[in-house]
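Below, each chain spelled out in residue letters.
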Amino acid sequence: MSERNRPPVYLDYQATTPCDPRVLEEMLPWFTEKFGNPGSVTHDYGRAAADAVERARAQLAALIGAEPREIVFTSGATESNNLAIKGAAQFHRPFGRDHVVALATEHKCVLESCVALERQGFRVTLLPVERSGLVDPARLEAALDERTVLVSVMAAHNEIGVLQPLAAVAALCRPRGILLHSDAAQAVGKIPLDVATLGLDLMSISGHKLYAPKGVGALYVRRRPRARIAPSIDGGGQERGLRSGTLPTPLCVGLGAAAAIAAAELDEEAERLLGLRRRLLANVMARLPDAMLNGDPERRLPGNLNFSFPGVPAPDLMAACPALALSSGSACTSAVLEPSYVLRALGVPDDLAAASIRIGLGRFSTPEEVDFAAETLASAVRRLREQGMTRAAAGAT
Amino acid sequence: MAATRSTYLDWNATAPLLPAVAEAMADAFRHCGNASSVHRWGRAARGAIEAARREVAVLAGVDEDEITFTGGGSEANQTALRGFPGRRVVVSALEHDSVRAGIAPGDIVPARPGGCIDLAALERMLAADPRPVLVSLMLANNETGAVQPVADAARIAHARGALLHTDAVQAAGRIALDRAALGADLITLSAHKIGGPQGVGALIASPDLPLVPLIAGGGQERGRRAGTENVVAIVGFGVAARAGRERIGDQDRIARLRDEAERRLVAMAPDARVFAAEAPRLANTLAIAMPGVPAATQVMALDLAGVMVSAGAACSSGKVRPSAVLAAMGVPLEIADCAIRISLGWSSGAADIDRLVEAWGALYARTRVKAA
Numbered sequence: 001m002s003e004r005n006r007p008p009v010y011l012d013y014q015a016t017t018p019c020d021p022r023v024l025e026e027m028l029p030w031f032t033e034k035f036g037n038p039g040s041v042t043h044d045y046g047r048a049a050a051d052a053v054e055r056a057r058a059q060l061a062a063l064i065g066a067e068p069r070e071i072v073f074t075s076g077a078t079e080s081n082n083l084a085i086k087g088a089a090q091f092h093r094p095f096g097r098d099h100v101v102a103l104a105t106e107h108k109c110v111l112e113s114c115v116a117l118e119r120q121g122f123r124v125t126l127l128p129v130e131r132s133g134l135v136d137p138a139r140l141e142a143a144l145d146e147r148t149v150l151v152s153v154m155a156a157h158n159e160i161g162v163l164q165p166l167a168a169v170a171a172l173c174r175p176r177g178i179l180l181h182s183d184a185a186q187a188v189g190k191i192p193l194d195v196a197t198l199g200l201d202l203m204s205i206s207g208h209k210l211y212a213p214k215g216v217g218a219l220y221v222r223r224r225p226r227a228r229i230a231p232s233i234d235g236g237g238q239e240r241g242l243r244s245g246t247l248p249t250p251l252c253v254g255l256g257a258a259a260a261i262a263a264a265e266l267d268e269e270a271e272r273l274l275g276l277r278r279r280l281l282a283n284v285m286a287r288l289p290d291a292m293l294n295g296d297p298e299r300r301l302p303g304n305l306n307f308s309f310p311g312v313p314a315p316d317l318m319a320a321c322p323a324l325a326l327s328s329g330s331a332c333t334s335a336v337l338e339p340s341y342v343l344r345a346l347g348v349p350d351d352l353a354a355a356s357i358r359i360g361l362g363r364f365s366t367p368e369e370v371d372f373a374a375e376t377l378a379s380a381v382r383r384l385r386e387q388g389m390t391r392a393a394a395g396a397t
Numbered sequence: 001m002a003a004t005r006s007t008y009l010d011w012n013a014t015a016p017l018l019p020a021v022a023e024a025m026a027d028a029f030r031h032c033g034n035a036s037s038v039h040r041w042g043r044a045a046r047g048a049i050e051a052a053r054r055e056v057a058v059l060a061g062v063d064e065d066e067i068t069f070t071g072g073g074s075e076a077n078q079t080a081l082r083g084f085p086g087r088r089v090v091v092s093a094l095e096h097d098s099v100r101a102g103i104a105p106g107d108i109v110p111a112r113p114g115g116c117i118d119l120a121a122l123e124r125m126l127a128a129d130p131r132p133v134l135v136s137l138m139l140a141n142n143e144t145g146a147v148q149p150v151a152d153a154a155r156i157a158h159a160r161g162a163l164l165h166t167d168a169v170q171a172a173g174r175i176a177l178d179r180a181a182l183g184a185d186l187i188t189l190s191a192h193k194i195g196g197p198q199g200v201g202a203l204i205a206s207p208d209l210p211l212v213p214l215i216a217g218g219g220q221e222r223g224r225r226a227g228t229e230n231v232v233a234i235v236g237f238g239v240a241a242r243a244g245r246e247r248i249g250d251q252d253r254i255a256r257l258r259d260e261a262e263r264r265l266v267a268m269a270p271d272a273r274v275f276a277a278e279a280p281r282l283a284n285t286l287a288i289a290m291p292g293v294p295a296a297t298q299v300m301a302l303d304l305a306g307v308m309v310s311a312g313a314a315c316s317s318g319k320v321r322p323s324a325v326l327a328a329m330g331v332p333l334e335i336a337d338c339a340i341r342i343s344l345g346w347s348s349g350a351a352d353i354d355r356l357v358e359a360w361g362a363l364y365a366r367t368r369v370k371a372a
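Chains as they are written, first to last, in the working numbering: chain A, 1 to 397; chain B, 1 to 372.
Keep in mind the hints are simulated off the structure, nothing from the lab. Fair warning: there could be bad hints in the mix.
Said to hold, decoys possible - Looking from chain B toward chain A, a few residues come up when the C-beta cut is under 7 Å (computed):
(1) Glu75
(2) Glu123
(3) Ala226
(4) Thr367
Stated by the list, open to error - Listed next, the stretches of chain B that the computed footprint assigns to chain A, with coverage defined by at least 3 CB atoms under 8 Å from CB atoms of chain A:
(5) 158-169
(6) 196-209
(7) 230-240
(8) 277-283
As the structure is a prediction and not an experimental result, all values here were calculated from the model. Note that the Cβ used here is the ideal one computed from N, Cα and C, for glycine as well.
Required output: the full structure, derived from the provided sequences and hints.
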């Protein structure tokens, strides 16, 4: 049995998800025979593409309780986050609003957007979070002032999976006329999200975290009351002037199809993943009782776990588990193997942060994979610790 | 009601995916990793992206580390234009909306009636203002196909310490690109105009240029464009770039087809007006006006006959707007309103030209009888 030639078990669903075959199937004709530019209204090729894009827009809107007109297609969640944060700040600056609030644990692209605003003279408050990874609404309230234009709070965290209390945050923002943006790249289609109930003004959506392809995402922009933002890409005026550029019809179709699948299967899938997560957690804790779970144990994505194994550096552990596709944090920065700023913000000491592993479960994860992962991780951790002790003992003599 | 065989003559709006591109993309869909992930799937994605980067670099005659993949041509243009906050941005009157949008009239370089930029005006504008400048001049115009004197503009710009950006979205794969010969500091490319997929493009710029990213975040593309790389589309772009390079030779055949179309249309309609006819032109593009017949009417009549063309740029509004390009060339509004764009590509053939000529000729005859 050639164990070595088997592809590794994929446990990195927060980095990216495989394209669902059903999604791919819907997309394919739009690459080849139906290739029109959705902006070409003068002929059938263009009109068919435009219709397909609008269908996808409606599918995505339905998943999050929005109107189709409130969806702006983008090239991905990073672009959506940039557009929401910089766009809102720039639009409202002439009205005396120059202060932006975000959590210290936001995704890199939210933090970098804030840095860009700071360079332009905006004030930015990065709020600390609790040990659980959750924001304390009272602390957030204290950070708001009459010049705050926007608060950005991630719906579900990419590293530790925690789900922030968005409705509570919205209740603080709305009466003050402050826009609330949420990076929901990890949350959309994984947990029920309804923009109206939550009171969100702007919400970023990613295709490739939702079993749709890479290179497409969306920004929800509330219409009533209208969330006003400045465009970041000017041009042909596509997407109601908020985001110019030819829309990639097949990718939009893919995102729409993925949204429709998520809408139909979300409850069942979340339940199943929750079961797998609990099974994996119990399995790991039974074998490695000193393993530490980072982030709130309950208020987190069904498909996310983040462990620290004391004394076992993450790069060593990943190297010792070639049969598992794991990561030590967000993919954007996972090539840079330094302790996660997210875990630091939770107050996790550097040695434990450097020993943290993110496990992402998803649509195609199975109980067998989960059991195999627990076993593989546990034996690798034990082996590395023994080697470490041997080395330490050798060093002591 | 779709006609039995459709004649697609709107290649400047978008080109159908090349079969080889579709194949490569289908293959890439199977290793769907995040290119920044360290594990095997991540590394496969990274390798595929870098291979595509090499192909695009060769197409443009540049080094690989000058290529930044973006979400498309519009994003690449905006990245270039907004990337140098201290510089005044001066653009030609012929530019695509994604370059010209929001530019003050005083910063727009006028065009000449022949379809090319007025270089003397550019020189005057740069001389009159000591501020550092970024000049943007497209390599080939999307509506008329007129190839712009980018190398001359670059010399003028550089003599004044200005940078030069060129939107080569329409030129790529149709005329040879050589960054050194063009003298451009920044170049925009788009995949879907050369048989690659929609949703990916590239901005070419030396790594030494202090370009402020439009999309900040995870540091992908060496900090110039954050966001998980659109692996599958980038793979498609790479294959299309190689095909585009190899297909430059096909332009003679396409030029003959275009010239034949032009000759036959003008022979039928002596009052027809061809734009930028005297300028160096892309082989595939024909902008022509049938005086007295609104472009929308022509486009619809052709559409009913199964011939797809456009009335200028494929933009968002769904409305047929008067062409800013033709206006900049001094074409009177009543003629510009009657201009359509016919653009050919690698699968266009003589039968397509016959259908175009037949349908357009029939409309012309109808309207002239009515007028008489």
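Hints versus structure:
The criterion of a C-beta within 7 Å of any C-beta in chain A is met by B:Glu75, whose closest approach is roughly 5 Å, and the hint holds. The interface hint given for B:Glu123 is violated, since its Cβ lies 27 Å from the closest Cβ of chain A, which is over the 7 Å cut-off. Of the supplied interface hints, the one on B:Ala226 holds, with its beta-carbon coming within about 5 Å of a beta-carbon of chain A, less than 7 Å. About 18 Å separates the beta-carbon of B:Thr367 from the nearest beta-carbon of chain A, more than 7 Å, and the hint is not met.
With 0 residues bearing a CB less than 8 Å from a CB of chain A, the segment 158-169 of chain B misses the requirement of three and the coverage assertion fails. With 4 residues having a beta carbon nearer than 8 Å to a beta carbon of chain A, the segment 196-209 of chain B meets the requirement of three or more and the stated coverage holds. Check on the segment 230-240 of chain B: 4 of its residues sit with their Cβ under 8 Å from a Cβ of chain A, so the three-residue criterion for coverage holds. With 0 residues having a Cβ less than 8 Å from any Cβ of chain A, the segment 277-283 of chain B misses the three-residue criterion, and the hint is violated.
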